[in-house]
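*Asks:* From first to last, the protein sequence lines stand for chains A and B.
Its first residue numbered 689, the first sequence is counted upward by one per residue in my numbering.
Its first residue numbered 689, the second sequence is counted upward by one per residue in my numbering.
It should be emphasised that the hints constitute simulated quantities derived from the structure, not laboratory data.
Please read these numbers as outputs of a predicted model, since none were measured by experiment.
Some hints here could point you the wrong way.
Copies of the same chain look alike in the list, so a pair counts if it fits in one copy or across any two.
[Unchecked claim] Heads up, simulated EDC-like pairs for lysine to aspartate or glutamate below, C-alpha to C-alpha not over 20 Å straight-line:
#, residue 1, residue 2
1, Lys-900, Asp-1258
2, Lys-994, Glu-1178
3, Lys-994, Asp-1165
4, Lys-899, Glu-1178
5, Lys-1191, Glu-1262
6, Lys-1231, Glu-1059
7, Lys-1127, Asp-1165
Residue strings, one per chain:
2 protein chains.
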Amino acid sequence: MANSHDHALWLTSLFPPAGWLKTYSRQTLNDDLFAGVITAILLVPQGIAYALLAGLPPQMGLYASILPPMLYAVLGTSRTLSVGPVSIAAIMIAAALSTPAVSGLGNAVQSALILSAESGAVMLLMAVLRMGGLVNFISHPVLTGFTSGAAILIIFSQLPHLAGLKKAACGMNFECYGEYLQTFNTAGLSIGLMTLSLLMVFGKPLPAFLKKAGWQSASVTAVSKAGPLLSVILAAFAVRYFKLAELHGVAVVGHIPSGFAGFSLDFFTNAEKWRLLLPYALFIALIAYVESIAIAKVTAHFRGEKIAPNQELIALGLANMAAAVSGGMPVAGGFSRTMVNFYAGARTQMAMLIAAGLLALIVIFFSSWFETIPKAALAAIILVAIIPLVRLDNIVHTWRYDRGDGIAEIITLLAVLAVGIEEGIMLGIVLTILSHLRKTSQPHIAVVGRIPDTEHYRNIKRHAVQTWNHLLLLRIDESITFANINYIEEFIEAQLLRQPAVKHIILIFTSVSDIDTTALEVLEELNRALQSARITLHLSEAKGPVLDKLKKTDFLNHLAPGKVFFRTEDAIRELG
Amino acid sequence: MANSHDHALWLTSLFPPAGWLKTYSRQTLNDDLFAGVITAILLVPQGIAYALLAGLPPQMGLYASILPPMLYAVLGTSRTLSVGPVSIAAIMIAAALSTPAVSGLGNAVQSALILSAESGAVMLLMAVLRMGGLVNFISHPVLTGFTSGAAILIIFSQLPHLAGLKKAACGMNFECYGEYLQTFNTAGLSIGLMTLSLLMVFGKPLPAFLKKAGWQSASVTAVSKAGPLLSVILAAFAVRYFKLAELHGVAVVGHIPSGFAGFSLDFFTNAEKWRLLLPYALFIALIAYVESIAIAKVTAHFRGEKIAPNQELIALGLANMAAAVSGGMPVAGGFSRTMVNFYAGARTQMAMLIAAGLLALIVIFFSSWFETIPKAALAAIILVAIIPLVRLDNIVHTWRYDRGDGIAEIITLLAVLAVGIEEGIMLGIVLTILSHLRKTSQPHIAVVGRIPDTEHYRNIKRHAVQTWNHLLLLRIDESITFANINYIEEFIEAQLLRQPAVKHIILIFTSVSDIDTTALEVLEELNRALQSARITLHLSEAKGPVLDKLKKTDFLNHLAPGKVFFRTEDAIRELG
């Protein structure tokens, strides 16, 4: 019985749907079907919009919304995470593709496929090395600062599209910008603003109104989430009906090939691009993974489910590989798409399988319908999705709670805006790790004395304790390593200056679980220096494994006449 | 009185000689004079040899032995550290100068001066930012692995010189190597081997013999340390007398301009080189600083002196700046030169002032004497100095004591040999920091219970304690940060699976001195998840500053009905 239970656990960890398939019911299917349809309705305009944001043909966003979420559905541990093209990754792709070295090699589609394959490979490598935990070292303030900065960049990239402006090539010629701004397309801007208004109405006022009018919650969700698709269909219809593209020069999505790209491994051949894109793929993988886990955890917490970081790395890694071979851009778990899926009532990943299936049908049969979508309408959709990610209020909040975290958040945000996306997140991570290293290199050390009439030894700063002028009792509250041994050495030297009568130092090792090579060598030197100053070093309460390790070296011999005492009390009896 | 004492301390910290000048005596001067002469005798051949090792003209090593040690003498905190050209920095300079990008810009002398200025600037910047402590993150095993690897590279670079071989340009043509090896110069090789034998005799057998013969220790040192100078003078004399350069093609040092380079700031102009060389300067500064501090500490320990890391950064930084303006290569504290100085009886930096002064005289009046030194003899001097730095025995030693440290040492050594000097040390540092981050992200957490009939709460694993099925008492033994909060969360989740009847979790915060933003946000999410599972979270024994910080947020409100208990005992009385 225990054995079959173990088997089930093992199966669930490799194939998470095993966990929900056995109790899957008619009612669950109904819920998932509804959520799947709603999510698919959002995914069409979002997929096209994010592909254009990344500077790629629209179909690459649609392809990325089919096979990758299917793979995640059968391998991922979150039941509601929706995987596909996301805005932050899209702007990181745009940044990578627009570097002179990469764009000089041409064929942006190929470069994007390489990015998908490489970021997938990076995730799988992280899974193999079990490095999922290392992404914990991107702190929340750094991540929020990064997201805000990237979102601001996205907003500025979309404003010209919203106004129907063509690309500016003015450089530092400011007069040129004046002329450029006057070239905005009235028809384009009108459509952009109308879409924006429609989306805002669908966002909050309409659902609130319908609820008041007594509609069922599911219906309200369905209508509200149809906003994006409805508005782009309206906009596309307007463009077609009034011939806005031909007569008024409104920029539209343009040709979308129907059907699939077909599986292809052509992108494998360009070794030079693989090398150039690797650092970008690394950051895309890192951010995609961190954001996906964060979103997955939020929804999992609501339902008491459990996210397994390493399995997530495998699922997301293979999803990105699938994006590469099926002609899609890199993917991650997206915030808005997951929330739509969750609030539409998705119970399991069946919802995403249904959504992806619907999308496949749309790509096969209806893709030409989307060719006249004006770019201004897509810009409106991106703006509505992205503006909530700019969280300047959060900076104030963080600053008030923890000054250091606030500074890290501001620096990361400014670096993203001023220097670049990858550089910003890199700087944020390095700053956080440096400040963490500095903190961990200062362990807690207590000068202790005996609580009178007991065998308890406590911090002299907090307790009324008995002390001896010729004895220095130090309790080191951490393992001794290369990172903190210099601090410990300096602490002892400073303490000796304050207490010049000391003849014996007793290091109390209750909390020391390990002494590494560097620490041992510094302790050896310290012991030599103390001996020439006629001060004897002793140890007490050392744990078994620490003593075993020390016995392999000459340290304990060099300590003599210093001793290793079993209890601090024994040391006091002999030396006190 | 206290005030004048403070003044003296302040003066000594900025101008360390103030510490020894006031008690400077006739006897101290005698000692320093003797040590200064001995050290100067070593510095001439070593300076020339290390300049050639770096691929630079011989005088750059001599210039680096004059002004830089003088500056260190008045600013450094070690009384015996000898600053000048060193072998490890020399091979790093050679590596930097031979990269295609740098060598393509020509003028190796200018590049070397830029390296001196830049590594000096890096050290001063580190001093300003008080980052001296960060170099503690180069662990001893990584440093030893790096030194061994660099020393092996130096040995292989010197073997052809010892055999009198010209530069090979065979690439992958192995037949060519066969022919190349047959071109060795018999006269050159003979001189190389003779110098090597002489140095080895002067190294140990001769001093041992003289001591037995009843010579005074000081005389033995003087004779023994004169070995290098004596052997190169002999070799130079042989070359001149037998016309070995003209008749037998023995490679010699060649023209050394007499006098000084004159102060110059010409090297400031090449911005492209400054940019290209910066990463190399960074590593040279790092290694130069770490090695100098390590050597300074060894000799300081012997005499109970104190090294101030930040003042060392200033002294070494300005010494490198001085090298740049006076035409010298980058400098650091050297092991063999410091040991010679120390064992020759140097008491203060006056010894190095004397040595540098003597060197200045030699450069002005006698530099032409050294032009016929055969390169084979210098190769022998480098080999004898460098072979002790290859410490393969240390790897076995480290491996036996600490497996992880042993692996780091081997990887660093292999990376230096296989990939490159900078890449090797970089990889070593990154590996050490990653493993440190992993360890610090797993704080100690104890499940505790009450020791019967007391108010003491202890680890259930180590003590016979009273526990409650519906209560989970956790003592977190570290500040809660972005680095460890995920581990803590997972620990709690795992514990709940083991103890499913839990209704209240009490986090005991005795050792928690801070909760950062990330940790707070994860605790908020955890609390929300626990509440939906009908488990209440409480805190106890939180320190004042932690509570003050939490009160600025809504966390304590969200905790309700969870409470903050002053003592764990209070929590048990209410919930137990």
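*Asks:* Determine for every hint whether it applies to the structure shown.
*Replies:* We went through each hint and held it up to the structure:
| no. | hint | in the structure |
| --- | --- | --- |
| 1 | Lys-900 to Asp-1258 | neither (78 Å within a copy, 48 Å between copies) |
| 2 | Lys-994 to Glu-1178 | between (45 Å within a copy, 10 Å between copies) |
| 3 | Lys-994 to Asp-1165 | neither (34 Å within a copy, 26 Å between copies) |
| 4 | Lys-899 to Glu-1178 | neither (68 Å within a copy, 40 Å between copies) |
| 5 | Lys-1191 to Glu-1262 | within (13 Å within a copy, 49 Å between copies) |
| 6 | Lys-1231 to Glu-1059 | neither (72 Å within a copy, 63 Å between copies) |
| 7 | Lys-1127 to Asp-1165 | both (14 Å within a copy, 15 Å between copies) |
Checked against the numbered hints given earlier, the structure breaks hints 1, 3, 4, 6 and satisfies all the rest.
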